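Novice: For chain V, the structure is supplied; the task is to place chain P on it using the hints.
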Amino acid sequence: MVRRVPLAQLKAGDIGVIQDKRLEDDERAMLRAMGLACNATVKLCRVGEPCIVSVLSGDASQGRLGGECCRIGLARSLAERIVVEVMTPRVWS
Amino acid sequence: MQASATTGINEGQERSSPPARVALVGNPNTGKTTLFNRLTGLRHKTSNFPGTTLEARLGRFDVARRVLTRGGGDHYAGQEADSGVGVAAAEVSVGVSGSRVIELIDLPGIYSLELEVLESQVCREALSGRSRLGEPDAVCVVVDATSLSRNLRLAGEALRRRLPTVVAVNMIDLARRRGLAIDTTKLAASLGCAVVLVSARTGEGLAELRAALAEAQVASRTPPGDDEGLFRWADEVFAACASGGDESGADTLTDRLDRAFTHPVLGVGAFALIMGGLFYTIFSLASFPMNAIDWIFTVVGGGIESVMPAGLLRDLLVQGVVGAVGATVIFLPQICLLFFMISLLEDTGYLARAAFVMDRVLRPFGLAGHSFVPLLSSHACALPGIMSCRAVPDPRERLATILVAPFMTCAARLPVYVLLTSLLFPGQPLRAALAFMGCYALGIAAGVGSALLVRRTILRGKSRPMALELPSYKLPSVRTALVTTYDRGLTFIKNAGTNILAICIVLWWLGSFPHVAPPTAALELRERAALVQNDEPAKADLEGQADRLAASHGKAESFLGQIGRTVQPVFAPLGFDWQLTVGVMASFAAREVFVSTMSVVLTGREEAEDEGVFAQLSQSRRTEAGGGAGRLVFDQPTAWSLLVFFVLAMQCLPTLVVTAKESGNVKWALLQLAWMSGVAYAAAFLAYRLALAFGGG
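In order, the protein sequences belong to chains V and P.
With this note's numbering applied, the first sequence covers 1 to 93.
With this note's numbering applied, the second sequence covers 1 to 697.
The following block holds chain V by itself, in its conformation from the complex (with noise of 0.2 Å):
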């Protein structure tokens, strides 16, 4: 079953592809620069304020992760609009 939240909502060590950012164009444009684009993985490190999500090479939805992109910390204001599809473990198993 797909499951879309908000990053803020994740769990630590939970792992979603961006969906959508609601966010203003600028907020939008930067984030997507640094590397926080659509159907980007991300691996949630720490809940709460900071955020902290670790962005994944490789593509989850056909099940190859490999390792850290780079890191990113939001403020939980932005990581609350931005929405992700939770991939569960079997998903990419």
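Keep in mind the hints are simulated off the structure, nothing from the lab.
It is possible that part of the hints are untrue.
Said to hold, decoys possible - Distance condition first, Cα-Cα at most 20 Å in a straight line; then the derived DMTMM-like pairs of lysine to aspartate or glutamate:
1) Lys661(P) with Asp487(P)
2) Lys462(P) with Glu80(V)
3) Lys21(V) with Glu228(P)
4) Lys474(P) with Asp173(P)
Claimed, not checked - So these bits of chain V aren't anywhere near chain P, every CB distance computed over 10 Å:
5) Val2
6) Arg3
7) Leu10
8) Val17
9) Asp20
10) Met30
11) Arg46
12) Ile52
13) Leu78
14) Glu85
As the list claims (entries may be wrong) - Coverage of chain P stretches by chain V, computed from C-beta distances (three or more under 8 Å per stretch; other residues unrestricted):
15) 114-123
16) 461-468
Computed from a predicted structure; not experimentally measured.
Here a beta-carbon is modelled for each residue, glycine too, at the ideal position from N, C-alpha and C.
Specialist: Just chain P now, kept in the frame of chain V:
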């Protein structure tokens, strides 16, 4: 590679040809600046991009000659086989001239050339030749080997510009430790340009990079022109050329450190400990070179006095020039140590985490987490504090930090605090210490309160929620820290030093002229000294008294003294007489002169730390009817008023100079002066009235 020329690229080039210019671009945290420092050493200069406060660093390095032969491999003079250079199949007919000197321009770190932020705009202008630096002959894109897929997007944007390009894959040592492998030949073929694996930290690949930059060519391929296409292209290139690395991004040590350093309690504790250690180190280490500088300039001044005849030129040299240069150079140890330590700390990756911790504290006041280090630095000296505001990304938050940084109690205020708290609480060290702490708290409160006001009025605007890349934790590079320290020290000497020199000479002149005849009382003392026979101590004492009277009279009758008398009615509501006004006026240029100026005006001696002098200061009386003749100069209400005034007033012309420079407009410095003077005046007035009302004086 198809070599198409038998002649060397460097042949026929005059050494006097202008150097080829190469622009260095890359994401933040790719080690671009470290690479720049390694390539250029100390052969660089720093200025600002026109119309901005963004730094432009230009440096030069030499490139060894290269010889090409037709039909065979390329021979690189002095180069070893398996150098790690992958060169795309391309004609060697178009590229950078074979100049032996290459000029490198370090552009700001950016995530994309297409963003509407100042850094990206500056980079766009630089690459298109619209900046005063002119169009570069080539581009070197620095990418992080451990973050290649994201970095390739910027590389693609740079390649689209169709300038001769070389891609430097930096941090290759770190990538190998993580098990990442990069196929250089495939990467070069995919990008259509030269690719060099380097490690700016260890020096690996630098010679090959220099050689590649000297022969940079326009890429044989052009990445897609639309964003979606570019992102897909970058992912495909990465997938084809890189392999290995941890699966699922597991890095438990980094995760644990991040959780600790950003924890609401542990994080603040760690921050307090680390910053406390940093500033304790700076204060304790800086005192040695500062004392040495003080000694050196005292010796130099004494030397000049002993060899030159008395007169205007000697006074100008000793009190004006030597004094001024000493007053500039004395700041250097603190500035250099501060930037050295902060560079080390930043290189470890810790400061990015600390910015989030402090963001929670400062955000309610319209400031950013990044503002904390400049504000904390300003407790030593506002000059380096304001210079370090460049690290604050948001321009409004940066400007607000610059404007309020001088409210933080700096080291120059301490002698004034010591004098006044000793006068207010003689023999009561606990109360004096509490008053001291109160001064620090008042400065901080005024600073954050002013920041809040400024961010709600003239610098109104939404604060950007923080989004910051957290670089990998690593051991800091001492070499990078040393180069940064050298840069900052030189910038300070060039920018502030010349202004401080001018200010000190003007101050000296105002306090020394016009020369007036010694007062009658001093002449009588000299006559009495001349009559003393066989009693050298008594003779010396009389002559000393005469000298002190003459010095005090001279200061009072100087232009500075006259200004003090003229301006005194303005400060009368704060309880200041004309003598205090002279001290306050003198200290508008530099706070630290207040104590010595008051000492000279009231006692004729400069050594205020001397117990006898201190006793004289505390017992000095006012002399004019308007100031309450006979009252103590430093009565209780006046001492409180002075203390509050010095906590809040802008009394440092060098700081104003740096504010104007760093903010990009002198109007901000004038606003800073006006606001702080107004706040100091109002608060000192209130303190004076309250002290009078509660029975002081």
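Novice: Decide, hint by hint, whether the structure agrees.
Specialist: Structure-based check of all given hints:
no.	hint	verdict
1	Lys661(P) with Asp487(P)	holds, 16 Å
2	Lys462(P) with Glu80(V)	holds, 18 Å
3	Lys21(V) with Glu228(P)	holds, 16 Å
4	Lys474(P) with Asp173(P)	holds, 12 Å
5	Val2	holds, 20 Å
6	Arg3	holds, 19 Å
7	Leu10	holds, 14 Å
8	Val17	holds, 14 Å
9	Asp20	holds, 15 Å
10	Met30	violated, 6 Å
11	Arg46	violated, 6 Å
12	Ile52	violated, 5 Å
13	Leu78	violated, 5 Å
14	Glu85	holds, 17 Å
15	114-123	holds (count 4)
16	461-468	holds (count 5)
When held up to the earlier numbered hints, the structure conflicts with 10, 11, 12, 13 and fits the remainder.
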